[in-house]
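Please build the complex by placing chain B on the supplied structure of chain A, with the hints as guidance.
Chains as they are written, first to last, in this note's numbering: chain A, 1 to 318; chain B, 1 to 469.
The set of hints was computed from the structure by calculation and includes no laboratory data.
Please note that a few of the clues may not be correct.
Claimed, not checked - Subject to a maximum C-alpha distance of 20 Å in a straight line, what follows is the list of computed EDC-like cross-link-like pairs (lysine to aspartate or glutamate):
| hint | chain 1 | residue 1 | chain 2 | residue 2 |
| --- | --- | --- | --- | --- |
| 1 | B | LYS358 | A | ASP81 |
| 2 | B | LYS52 | A | ASP279 |
| 3 | A | LYS53 | A | ASP81 |
| 4 | B | LYS372 | A | GLU128 |
| 5 | A | LYS148 | B | GLU97 |
| 6 | B | LYS358 | A | GLU230 |
| 7 | B | LYS361 | A | GLU14 |
| 8 | A | LYS72 | A | GLU14 |
| 9 | B | LYS122 | A | GLU201 |
| 10 | A | LYS233 | B | GLU355 |
Claimed, not checked - Over the 12 Å line for every Cβ pair with chain B, so calculated as not near, a few chain A residues:
| hint | residue |
| --- | --- |
| 11 | ASN18 |
| 12 | ILE85 |
| 13 | ARG112 |
| 14 | ASP226 |
Everything numeric in this text was worked out from a predicted model, so none of it was measured.
For every residue, glycine included, the Cβ atom is placed at its ideal position computed from N, Cα and C.
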Amino acid sequence: MSKKTTQNTATLPEKVYNFCSKKKMILGVLIAVFVIFIAGIVIRGVHLAIEFKGGTLITYSYQGELDSNDVKSTVEGIINDSVLIRTGENLDAGGKQITISFTSEEGLTADRQVELTNALNEKYAENELEIYDSNDVSPSSGREMLLKCFIAVLFAAFVVIIYIAIRFTNIGGWSAGVCSVFALCFDILVALTATIEFGFEFNSNIVAVVLTILGYSINNTIVIYDRIRENRKLMPKASLNELINVSCTQSLTRSIRTSITTIGTMLIVTIVVFVKGYDSLLSFSVPLMFGLISGTFSSLFVAPVTWSWWKGKQKAKK
Amino acid sequence: MKKTGKSTFFIVTILILLFTITSVLGVDKLYADRTDTYVKGVDDIRLGIDIKGGVDVTFAPAGDYDANTDQLDAATAIIKTRLTSLGITDNEVYSDEKSDRIIVRFPWQVGESDFNPEAAVKELGEMAELTFRKGTDSDTDEDGNIIPTGELVLKGDDVASAQAQYIPDENGEYEYVVALELNSEGSSKFAEATGELAGSSTPISIWMDNTMISAPTVKNTITGGRATISGSFDQDSAKRLADQINSGALPFKMETKSFKTISPTMGEGSLDAILLAAAIAFVFIAIYMMILYRLPGFVAVIALIGQIAGSLAAITGWFSFMNGSTLTIPGIAGIILAVGMGVDANIITGERIKEEIKTGKSLDAAIKIAYKRAFSAILDGNITNVIIAVILMGAFGVPDSFFSKILNKTIFFAFGATAEGVVYSFGFTLLVGVVCNFIFGVFASRLMVTSLSKFKCFRNRKLYGGDEK
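In isolation and in its complexed conformation, chain A is listed as follows (with noise of 0.2 Å):
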């Protein structure tokens, strides 16, 4: 909304990069990250962790040695149903831990869960069974956030793009909404492949990396759209691929400058993290350093060249 200054000429800057000339590279780029993306569903599968595929998972701290065989029957004993066992030690409270997770359907009501915690108290009397953590959803509810989230995200997207559509009606509002929003879901999409690819549980971190997505992409194609929509104005008469590839070249050097804080940031997190041995932390920082280097990309290549093909065969209709 620049308004008439000193200075109104364009001044373009000395050598101006050709974006829109990377419709090839850009489409193999997406072809690819859906393919991974497929394949890691299929060779690695999904797995959806119990906040919203429901069941329940409880973890006992234990003193001296357990035998995680005798647990597991002794366990299947008192809830008529498969289990399954895992042990291990833990870094920050210092000791071993158990976990046993429940397969079945149902969750397990807060009765049933003193009645287990009671009667393996008095079976393993000098492990000293403490409960460090326990989760239980029941699968409806669990289905439920699922779909809740989805439709959230959904609806935001949906906002954005009309408040695209009102603030860049000079550049054609509706088709820029829309390409943007694909730019995201492209983000999106890396994110959620790269949680497949390092075998990350999808549970509520993922949320919160698709949600600092959604903000960041849009952030990031909305910059560019801005650099567009105000050379509109200086250069009346360049064709649309022109324009894109000027406002592209200008906003290089702060989307590359931009995107090493960012992701830099997440690359410390991550570090960090990891040296610390936090692990449950990994799985938020990691799919959403991926999501920022896409989040470049896509700002700089999907959404502006998506958007100058779609305007292309609009022209060329008519």
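Chain B in isolation, oriented as in the chain A frame:
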């Protein structure tokens, strides 16, 4: 634009520093043995249960029982009373009528290693035993529990309903009372007991489980099954007592739909890791900004400090017009995103200043135009984030908050309130961070750069990324 003088930089910087210091340290006054907190500091931040550890549990009626509003209010009242009697005062209880859910959250009581969350939650969901007894006598058993010993008058299922009413007393003045309606069996038992106690100083005490909730004295013999309890009630306390009495007659048991306990050690460790990473990242960003943008970069660092202080202040409740919030791990992600947007705003402006200076404009004109032109990009980018934050706060907020009321009746009508505090917290810190970004990253930083550029020693164009001249 108003005239920005040389002194503006110092005024803005001092204000930001004062704000930062008060929001980090807080303001307390020590009176001998008592501390009065005027402004809450970082130490007073309420940490979410994902950091501090705690219990997050959702109750719903067992089976497919469809509870009505009164029954749900009554069930909520039982849970609140029991939390208090368990000594868990720092709790959050929300009820949602549509999905018949009651959501309870409370932090782990630090230092209580024998605190048993499973047993506590089991107790919360149990049906309440409501009794009316003669006198207020009680005994303490060997576990330290108080057991009522007065002679039993009525039990929960003798009560048909209880209701808060606002009626005139014998002098014609209006007051709040609790009106009881008893069933036929209850009526005759109550008539007998009140006949015996009328006029005496022995009250009839009302107990929920082992907690005495009221002990009214009996004025007259009450026949016909209708009684009112009067006293110094206000609207809330009358409603509360009515809810508590009703809860004794609930036809269902509350069952846990989801139940999470998180140990405090797991959370606090991850908080430390995040704080360490944040500190390293901030130093890295500060150096990076100062190398890239020199003077505007230095100003950007001051603005970022202000922005982070602003986010902390909003969480602690520094601003008197808004309540504080709890800080969760996704909440920290929201702060990171907002700070990222703040860095971006400064980079966009810094680049613009460079560009404008390179076109050969005078320093003052370049700075003025750069801020003006950069603003439209910053505005649109940040407004979209405000939209996202508001939608998240609405979709996942507590059922009676402002944004939820709007959204839950429209877009999310098909869903019950989940009060997924974790997502809400992300929206909250993002919203606050974006607002702070406008205040510090755009407004304050423009004032500071413009003011500094008035000094002779800072008029070197190189300091702004231009070529030497």
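Status of the hints after comparison with the structure:
Restraint check for B/LYS358 and A/ASP81: not satisfied, since their Cα atoms lie roughly 73 Å apart, outside the 20 Å limit. With a CA separation close to 18 Å, the supplied pair B/LYS52 and A/ASP279 stays within the 20 Å bound. Between A/LYS53 and A/ASP81, the direct Cα distance comes to roughly 18 Å. Compliance with the 20 Å bound is thereby established for this hinted pair. Distance check on the hinted pair: B/LYS372 and A/GLU128 sit about 66 Å apart at the alpha-carbon level, beyond 20 Å; violated.
With a C-alpha separation of about 18 Å, the suggested pair A/LYS148 and B/GLU97 falls inside the 20 Å cut-off, and the hint holds. As the CA atoms of B/LYS358 and A/GLU230 are separated by approximately 18 Å, the hinted pair is consistent with the 20 Å bound. Restraint check for B/LYS361 and A/GLU14: the C-alpha separation of about 18 Å stays at or below 20 Å, so the hint holds. At most 20 Å may separate the alpha-carbon atoms for a hinted pair to count; A/LYS72 and A/GLU14 exceed this at roughly 70 Å.
About 29 Å separates the Cα atoms of B/LYS122 and A/GLU201, which puts this hinted pair outside 20 Å; it is violated. With a C-alpha separation of about 18 Å, the suggested pairing of A/LYS233 with B/GLU355 holds against the 20 Å cut-off. No beta-carbon of chain B comes within 12 Å of the beta-carbon of A/ASN18; the shortest separation is about 21 Å. Here A/ILE85 stays apart from chain B, with its beta-carbon at least about 19 Å from theirs, past the 12 Å limit.
Under the 12 Å C-beta cut-off, the non-interface status given to A/ARG112 relative to chain B is violated; the minimum distance is some 10 Å. Once the 12 Å rule is applied to beta carbons, A/ASP226 is inconsistent with being away from chain B; the minimum gap is 4 Å.
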